[in-house]
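Asks: Everything in the sequence shown is counted per this note's numbering, starting at 4 for the first residue and increasing by one.
Note that these hints are calculated values from the structure, not bench results.
C-beta atoms are modelled at their ideal positions from N, C-alpha and C, and glycine is treated no differently.
Take the hints with a grain of salt, since some may be wrong.
The following label-pair restraints were derived from C-beta to C-beta distances [unchecked claim]: (1) 33 <-> 86: 23 to 31 angstroms; (2) 58 <-> 147: 24 to 32 angstroms; (3) 34 <-> 143: 23 to 31 angstroms; (4) 91 <-> 150: 22 to 30 angstroms; (5) 161 <-> 85: 31 to 39 angstroms.
Restricting the straight-line Cα-Cα distance to at most 20 angstroms, the calculated cross-link-like pairs of lysine to aspartate or glutamate (DMTMM-like) are [to be verified]: (6) 160 <-> 134; (7) 160 <-> 132; (8) 160 <-> 133; (9) 160 <-> 130; (10) 160 <-> 142; (11) 160 <-> 5; (12) 160 <-> 145; (13) 160 <-> 144.
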Amino acid sequence: MESLVGQLLIASPTLTDYFQRAVVLVLGHGEEGAMGVVLNRPSELDVADAVPALAEEVGDDDLVYRGGPVSPQSVVALAEFDDPTRAASMVLGPVGVLDPERIDGSVGRLRVFAGYAGWGPGQLESELEEEAWFVAPAEPEDLFVAGDLWPIALQRKGGAYALL
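Please work from the sequences and hints to get the whole structure.
Replies: Structure representation (structure tokens):
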């Protein structure tokens, strides 16, 4: 299967619990498995309080998002980069993973996630075959949507998906 890095995984209506109506941006995908962050689960924690090292990079009201159920104490920060060499890895257009060792005010908009979504080898592929997830192209703006991203992503996918 071709790498899904930079794609959206849109939860089908059959998914419940943590991933109900989730939209995941895939950050890594290969033979070892896959990982991504849920884009549409804001918490009530302010980034400045939860991750003081990023306080100067974010606005006063920026919230930490719940990136997924795996390793919820870990932090994943995605940002817009003018210079891709400043990122730990690029994911989608100007969006890349912020290297915690290189926090220097040189990034554009930033979104911070606690935890991530992870799949073991072949697990995501099986879930895709079962139609638990729909794959759609991501846009850099998806990272910063303030409203409910699930119906927006389904509308963009079009066809019967737009009717869900």
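Asks: Which numbered hints does this structure break?
Replies: 2
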